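What follows is each chain in one-letter form.
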Amino acid sequence: MSRKLATSQYDDLLCRASLADTGTIPRTPPLEESPDVIPVGTAAVLDPKAYFTGNYGKNVAKPVVAEEANLIYVRGKNLAPAVQNGDVYVYWARAEDLDSPSKWQGNQLLTVEGHGSFRLTDVEPGAITVATSAFTWTPDAALEGKSAVLIGVLATNDHPNPVPTLRSPLDFNRWVSKQGGVGAFKTTVVSKPKPDPTVTLSGDFKLAEGGLAEFLVTVTDMPLGTEVSMKLTTPVDGHVISIPQTRITQNPQTIGVSATVPQNYTSQIETRIAPAGSGVPGSNNSVVTRAQYTPPGASGPVRPVLLARYSIHFGK
Amino acid sequence: MPKYTDMYIRATLTDPGNIPRTNMGLSASPDIIPYGIMPVNNPDQFFVGDNFNKIMSKDIQYDADNYIYARGINYAAGAQTGQMYVYYAPSNLLLYPSTWRQNVLYNSAGDRDNVDVAAASANAPFAVSQALVWRKVPYPPPNSHYCMISRVVTAQNPNPIPNTGSYSDFATWVANNGGIGWRNVTVVAAGSPEILFASAYDQGDEGGLMDVLITATDAPIGSEVWFSSGTPLADGKVIAIPPTKITQSPQTWGTQANIPPQWRTTFNGAYRSNGGTPGKNFDVSLRIQFVPLASSKLYLIGRDIGDCGFGDFHMFDQRERHYVHADKFFRSRADFASGPVRPVLLGAVSVRGPENAG
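Listed in order, the protein sequences are those of chains A and B.
Take the first sequence: its letters are residues 317 to 632, numbered as in our numbering.
Take the second sequence: its letters are residues 110 to 467, numbered as in our numbering.
Treat the hints as calculated values from the structure; they're not laboratory data.
As the structure is a computational prediction, the values presented were derived from the model and not from experiment.
All C-beta atoms in this analysis are idealised placements derived from N, C-alpha and C, irrespective of residue type, glycine included.
Keep in mind that a hint or two might mislead.
Not the full set, but computed from the structure, chain B residues with beta-carbon under 7 Å of chain A [to be verified]:
1. ASN127
2. PRO129
3. ASP172
4. TYR205
5. ALA299
6. PRO302
7. SER459
8. VAL460
9. GLY462
10. PRO463
Quick list of in silico lysine to any residue cross-link-like pairs, SDA-like style, CA-CA up to 25 Å [unchecked claim]:
11. A:LYS547 / B:ASP392
12. B:LYS163 / B:LYS346
13. B:LYS389 / A:VAL596
14. A:LYS632 / B:LEU454
15. B:LYS389 / A:THR358
16. A:LYS510 / B:SER358
17. A:LYS522 / B:ALA457
18. A:LYS632 / B:ILE410
19. A:LYS508 / B:ASP392
20. B:LYS389 / A:ALA385
21. A:LYS632 / B:ILE330
22. A:LYS522 / B:PHE399
23. B:LYS346 / A:ARG625
24. A:LYS510 / B:LYS346
25. B:LYS167 / B:ALA298
26. A:LYS378 / A:ALA336
27. A:LYS522 / B:SER301
28. A:LYS522 / B:ILE410
29. A:LYS632 / A:GLY461
30. B:LYS389 / A:GLU543
31. A:LYS632 / B:PHE399
32. A:LYS522 / B:LYS354
33. A:LYS510 / B:PRO250
34. A:LYS522 / B:ASP416
35. B:LYS389 / A:VAL506
36. A:LYS510 / A:GLU384
37. B:LYS354 / B:SER301
38. B:LYS354 / B:GLY316
39. A:LYS502 / A:ASP403
40. B:LYS167 / A:ARG625
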């Protein structure tokens, strides 16, 4: 014979355990999908009150990124029959530490203004309330790929929802199920995106006479494996003059292309350089782009005319 | 001891000009002058006159383009001309001229490895009229330092450097050659730029009043940009903006120059982050533009200055010797009292990325 649990309706500022949570205590799983503890990335929300009230029916959390200052907003709904006031607190915990609050109670997050809590005032019955100052968390690199939980606490005089420091070990989920003012959001900390190391050197090219021009890129003292490409931004008869992405395998190395351009041709020459991930450019490194032209009909030794020369050197 | 009778490079400020040079240090010639990352106006005047009897050299900036000047005094009986060359050598290779003779410095245009020098009369000091450029100076090898060697070539004394072999005693060679100078130099690493870029420039057949600008976009506040060319204009002045701190994005710093026809140079641009992190749209651009008067037919092909992406834009006022806001700068010319300023872009080189590089 099964025993039915006694239930009650939470009558204070509710921080939902999941989208399905309407305030019935105890709350039922899932208990770590709170839509009211909301990491949003690094950019502040322009009008948090309007934004988080308007999408109360959705979970709008974004990934938490290691080594970046993630902003976390908290919202709640007043299920009390009277106007209510309260304070918002936020903690973070490793998922495996949830049952040991002594390991995470010190992980209290501060608001962007540096305060430990945000005051909610005069919340009307039935109204959605938003902590309009975000809390900020910069997970260190060791948390990359690890599960972490953000814990939001809406503390009022009637329900202070204190972190149960004296009871250890704690059954975290059991505790959350009974605390209508506590929301937990479990997420995986993602890696900081690797910056794109590509450098683009761009310069003008003009050839009033038109004719056959040569475009050369010489790479010196760059790590082998560096990739280089070149293109002229103005197409000729619908074709783009370019050197496809080429892996540098020698030092120095020159790659080139020749093409006939029409009279009064002008373009940008763009040389893209993606330094190899490993290896450091040598002290004499350079990438030099040249455009040259041999006037037709010249006799004697071929002496190309230099039309453009651009170079870049990467310092330490 | 006989006195040297041609264009002479001093070993010390008190070097009397006798050959062989004796009782003096030979490795600190005051006539080889590394002068840092900014060129000077009229070096053939600046480094003679009151400055001739002063040590003018500065430390050399590692991993940057450094401007090197050279000078001397004419002990020929009358006016004399020559060509000045400058070389660099790691100290451990100083005895092997066949190796360092390849390390000759070129002028800013990159088309000559020497500069003409001229002395109007006997005993007149002389100096190069433009810099030679030591590009992206490397750090000296371990337990070594760099030496610089200057060499003045005249019809009477070409002071050749051997193609092969070695000196048994470099100091003796310098002591016996009045047209040779030797200076040991110090390379300092602090403040080196992260990015150096360069663009060949040819003014073509038509000279004019040009603006040369450097624009930084999405560069960290507190970073610095600069550019220079060591090729003198007709009045002996050079075009340069010294290292300038970025305080906004985008931000542009410029100067104006009257560039003669056929003027050729290489413009060197540089950027150093000073520890800041650039944003995703990081871009440093060097541009040359011409601002036609409103009455010019070229005015219509220009682009409204507000649409050029210059951001916070300052021009160097040559008369006031400080920067003024570009709008004020251009509108001080009566022709721009009303109507938009519409520059015509003549050339540009830019470096974009790397994203978020430190």
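Under the criterion that the straight-line Cα-Cα distance not exceed 25 Å, is the pair LYS522 of chain A, LYS354 of chain B satisfied?
Since the Cα atoms of LYS522 of chain A and LYS354 of chain B sit roughly 33 Å apart, the hinted pair is violated (cutoff 25 Å).
Holds or violated: LYS522 of chain A to PHE399 of chain B, with C-alpha atoms at most 25 Å apart:
17 Å, holds
Restraint status (C-alpha distance of LYS508 of chain A to ASP392 of chain B at most 25 Å)
23 Å, holds
For a C-alpha distance cap of 25 Å, please report whether LYS632 of chain A and ILE330 of chain B respect it.
20 Å, holds
For the pair supplied as a hint, LYS389 of chain B and GLU543 of chain A, confirm whether the alpha-carbon distance does not exceed 25 Å.
Holds, at roughly 20 Å.
Cut-off 7 Å, beta-carbon criterion: hint that GLY462 of chain B touches chain A
The hint holds - GLY462 of chain B has a Cβ within 7 Å of chain A, the shortest such distance being about 5 Å.
Hint validation: ASN127 of chain B versus chain A, beta carbon distance must be below 7 Å. Holds or violated?
41 Å, violated
Does VAL506 of chain A sit within 25 Å of LYS389 of chain B, going by the straight-line distance between their CA atoms?
20 Å, holds
Hint check: LYS389 of chain B vs THR358 of chain A, CA-CA at most 25 Å. Holds or violated?
15 Å, holds
Against chain A, run the beta carbon of ASP172 of chain B and see if the smallest gap drops under 7 Å.
Result: holds, 5 Å to nearest chain A Cβ.
Closest C-beta approach of SER459 of chain B to chain A relative to 7 Å, hint status:
5 Å, holds
With a cut-off of 25 Å on the C-alpha distance, tell me whether LYS632 of chain A and LEU454 of chain B pass.
With a Cα-Cα distance of about 32 Å, the restraint between LYS632 of chain A and LEU454 of chain B is violated, given a limit of 25 Å.
When held up to the earlier numbered hints, the structure conflicts with 1, 2, 4, 5, 14, 18, 24, 27, 29, 31, 32, 33, 38 and 40 and fits the remainder.
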